[in-house]
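Those protein sequences? They're chains A and B, same order as listed. Its first residue numbered 321, the first sequence is counted upward by one per residue in the numbering used here. Its first residue numbered 1416, the second sequence is counted upward by one per residue in the numbering used here.
If you're looking for bench data, these hints aren't it; they were derived computationally from the structure. Among the hints, erroneous ones may be present.
[Said to hold, decoys possible] Calculated Cβ distances over 12 Å to all of chain A for the following chain B residues: (1) G1438; (2) G1697; (3) E1849; (4) S2007; (5) A2026; (6) E2345.
[As the list claims (entries may be wrong)] Footprint (simulated), chain A over chain B, 3 or more residues, beta carbon under 8 Å: (7) 1463 to 1476; (8) 2153 to 2166.
Quick caveat, the model's predicted, so the values are computed rather than measured. All C-beta atoms, glycine included, are put in the ideal place defined by N, C-alpha and C.
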Amino acid sequence: MSRRGFLKGLACLWGGLGAAAAGVWGGLRDAALGRRPVEPPRRLEPPQHSVKRGWEEDRG
Amino acid sequence: MAEPTGPELSRREFLGVLGASAGLAAGCSRPDRGELVPFTRRPDGARPGTADFYASACQEGRNVCGVLVRTREGRPIHVQGNDRQPFGAKASLRAIAGLMDLYDPDRLPQPFTGGMASSWPAAEESLVSVLLEARAGGKPVLLLTGALLSPTRRALLKDLQKALPGLVHAAWEPALGGDPESAALLACFGDARRPRLRLDRAKLILALDADLLSGARPEEIAGFAANRGERAMNRLYAFEGGMSLTGANADHRVPWRPSRAAALGFALARALGRRGIPLPAGLETALAGFELGALAREQGVDPALLESLADDLRQAGSSALVAAGPGLPPQAHAAVFLLNAMLGAQGHTVDAAAAAPAEPLAGREELDRLLRDAARGKFAAALFWQANPAYAFPDAALWKAAAAGLPYKVRIGMHADETARDCHLVLPEHHWLESFNDFEPAADFLLLQQPAVSPLYDTRQGEDVLLAALRGLGGADPADYRHYLMERWRREVQPAGSLVPFERFWSAALHEGVLRREPVARPPRRLDPAAVARLAGQAAPLRAPGFELALGPADGVGDGRQANNGWLQELPDPITKLSWGNAVSVSPTDASRLGLVDGDLARLTVGKTAAVLPVVVQPGQAVGVLSAALGYGRAVGTVAGGVGTDLYPFADAAADAGTAVKLEKTGRREALAFVQRHHKMEGRDIVRSLPWAAHGAGSESKQHDLSTLYPPQEFPKHKWAMAVDLSRCVGCQSCVLACQSENNVPTVGAARVLRGREMHWLRVDRYYEGDERSPRVLLQPMFCQQCDHAPCETVCPVAATNHSDEGLNQMAYNRCVGTRYCANNCPYKVRRFNFFEFTAATPESRRLAFNPEVTVRPRGVMEKCTFCVQRIQEAKSAAKAAGRELRDGDIEPACAAACPAGAIVFGDRRDPESRVSRLARSARGYRVLEELGVRPAVTYLADLRNPADGGKDG
């Protein structure tokens, strides 16, 4: 392996490791602060069997 | 120098590759932030940008209120009262805040079995197999719930009991303890139906430790406020240990030990007997030991005041109303029933004809027996639904033994709470905004609950879980609880012989949210004097000198079920002004004796139970009485966990008159998150209060020199203004929560409240006047006064705040650079600064509660009340679309729409006939700090008080 190739590989490895370490650090910090990933609601839909009041009617 | 050449990697290239690879690695792990989906396949009838309203209902313990839910693009964004419901059309404090619970990120998204994520079919199969096994083995199953209140829910439980004969059901409301009021009703009337209190008909109200005016009871606030004005004026006497909102609004407030409330009631009954209202037969002897004079001496109260109260009661007759707090023992309730019966108030101000069916709650003896049975292994399984005994049951040791003795435990609830941690099966429940139900708050109407949004998570309604169990046990087979509810309404609620098809009847009922009907005629109930005499004989004797402890649900978080709600946690106590936690209130006399000041940590010992909690020195607190709020000290919850102290372990001992209560200073301190730290007006008439007998004399109007060098302002079309009637306002803070919900106001947490950085656009100031042992309390909603000569506008270096041609003091958020000069120059201290990027810190699910019509403010920006400018624009557009001019009453800001007392009126001052213009011309009208010449657009109407002596002593 050329010196240039070796250095390129080393740079990629360090970069990857750095990013992974940042991710792990972030996860650990969230865990320490008691944060947890929040599940987003699965859908947002109007209710299916409800009866709404009209906007104009409510204002009127 | 030449650049190095050759095959070596240069430093620059090395760093480039390093950065690129790091970026690539980080980029690959970028979290999914969702995607934008066009609203092209929109649901039928949905109009983007237009709000839809759903009538629904919210249950809170033994109270229920009708609500109107405002939704935008499928998201519920605001809760207000249902204007079609009888007796007060407003929503309770915790119903408004219920929106936050819907979007709570701590909600359980799916079922869990043994702590592992599961599915509904597997969970139901597990539940049914346990129930089948129990039935086959003849072992009972325990079902512990909260108060039912719903006739259909009751019917479902009956069906379940038929299919599972061993089902033992107990309804339990932890904040009500053993429900002494129902016990007294049953003993004295033979009927536990709670009468409706008609404060609107009452000319004289006597409250014995009864907080009739808390935000949980909008109907009673409306009734009280209806008779607080120039034309009609009631008189309120409050005898209480701790200071409540009812005491704060009383014409005569007397610090009084709760243990002596029953004695006061019986002594008043005797005094009425001497004034010509005969005591029921046989009571003269039973009440012989109760004397007003002796009680006055014992409690350090002027005997003339008690005699004057007896005169007032005699004079008011059937227009008087006497009420006792739910925490008082049955003897006090019996005394109140006796007084109301003697005065003729039964059937007038105390309306038993419209009383809802009795809601039998399990007493402490019954609960103890059930839990002891559970500890002995009597039950095959237990289901906990709307009940959290691991948190709220006072005897923790008994609960632990019961939990250990139950082979199979099921929790049906929204959160992985204290009880869920002990359970084998945890079944996530719908929020009430996702549920169908009906409620019977009175005999003459029903409220319907319907979803305002499809379920957000993989949850089911608690009733649907029971229906699944019923199906598994071979019982009835409706598709779901909605069908079950509709079937019951078809059979039992729709009038027999009606020509209207049921579907139309059902749709109309859902549309209105309310169904009025004729109550079943019942004979008037008669008070049993023998029962009253028996209870009078048990009235607690005078305690030995020492403390007594009064516990009750918190004004904000209630009994703790909604403790994970940031809006309610940050809402300050209306009297102590403490947010984010509870403290023990001590009278100034006791505090001085023990060397305690605000924030001192003290050890509270009641019997064998002890806890260390902070102290608040509360003016007006009765000497020898300690009071504190339940609902705090939760062990779980991102918001609720660790906030305040759990006082449920003290509930038993506090109810027992014989238990010694001790309070000792520890020498340590805790910073308390007060939102108001100065309690006097220092001689300025910020809140004006007048005796009713003297109102209209004109003396209240003070004229100030308002000459100015500024040119007069022109308001060509409208001049928006507000009027706040302090005589109607009771300080319940519904307006504060409604404003927070409408205007996307963030919660900031205790640490920032401690630094004075709370963000509420509207606050209710509370001032004390007079002797701190028994002060007068004055309350005042305070928000941006939209001054015409606004001092904030003149100091803004970038003109971010300026005046509209409709009289609004408006903010251009994009222009604001955050100098905070405006906040410093505001005499009302109503401007709020975003010290942090609160929106970015808001969890995704909570952001769904944002009102899309209101800008979410970034860090470094000043904000304040806008008079709900978005509602003004909405009403203008609606009027334009209808081809008409704006009418008075078209625009209702969120605070005015939420006020149960109708104290806030908004309108156009250019229209001389508008309500706000007429109120501004009232003899009671004044502007706060008018002498500064800032020309506020808000007129306050002086508070009116109606003391028995006409307010001679001021």
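For each hint, the structure was consulted:
1. G1438: 8 Å, violated
2. G1697: G1697/B clear of chain A: closest Cβ-Cβ about 56 Å, beyond 12 Å.
3. E1849: Violated: least Cβ distance 8 Å, not greater than 12 Å.
4. S2007: Per Cβ check, S2007/B is outside 12 Å of chain A; nearest 40 Å; holds.
5. A2026: 24 Å, holds
6. E2345: 34 Å, holds
7. 1463 to 1476: holds (count 6)
8. 2153 to 2166: violated (count 0)
Hint compliance for this structure: hints 1, 3, 8 are broken, all remaining hints hold.
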